[in-house]
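Engineer: full-length UniProt numbering puts the first residue of the sequence shown at 1, with every later residue one more than the last.
Note that these hints are calculated values from the structure, not bench results. Incorrect hints may have been included.
[To be verified] Straight line, CA to CA, 25 Å or less: simulated SDA-like cross-link-like pairs of lysine to any residue:
{"no.": "1", "residue 1": "25", "residue 2": "38"}
{"no.": "2", "residue 1": "25", "residue 2": "48"}
{"no.": "3", "residue 1": "32", "residue 2": "5"}
{"no.": "4", "residue 1": "25", "residue 2": "49"}
{"no.": "5", "residue 1": "32", "residue 2": "69"}
{"no.": "6", "residue 1": "32", "residue 2": "12"}
{"no.": "7", "residue 1": "32", "residue 2": "9"}
Source: prediction; values computed, not measured.
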Amino acid sequence: EYFVSYYDFFRPEAYLAVKDVYVEKASVVNRKIDSLRHSATRSLFERRDTIVVASVSCIYGLGVPTAYLNAALRLRVGDPLSPREVGLRVEGLRYEVCEDATV
């Protein structure tokens with residue numbers, strides 16, 4: 001599993017007192033690396049042979065493990081759910097529809 005910072009670019013916010021200028025935080029997230037991070041996190045819950053080595057900056061903001069698990073929708077073969085009901089449950093987990101088919 002692969003677990004590193006998911007930023008391709010990150011600039012923290014800053015204040016330049018000499019110029020009295022505030023510089024806003026800016027970042028670009030690499031979606032592929034973000035997907036790999038989620039896979040590594042999921043493996044921590046599903047497998048007993050997973051070890052994650054990461055810096056604090058990588059794991060900061062990952063959240064509470066139970067919150068991560070509660071953001072999953074578990075479906076089983078034979079569950080009496082229509083596609084609409086599945087969509088509503090997914091939206092209830094605060095996921096959003098992505099109109100970009102390349103993602």
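Engineer: When the structure is checked against the list of hints, which entries are broken? Sort them ascending.
Structural biologist: 2, 4
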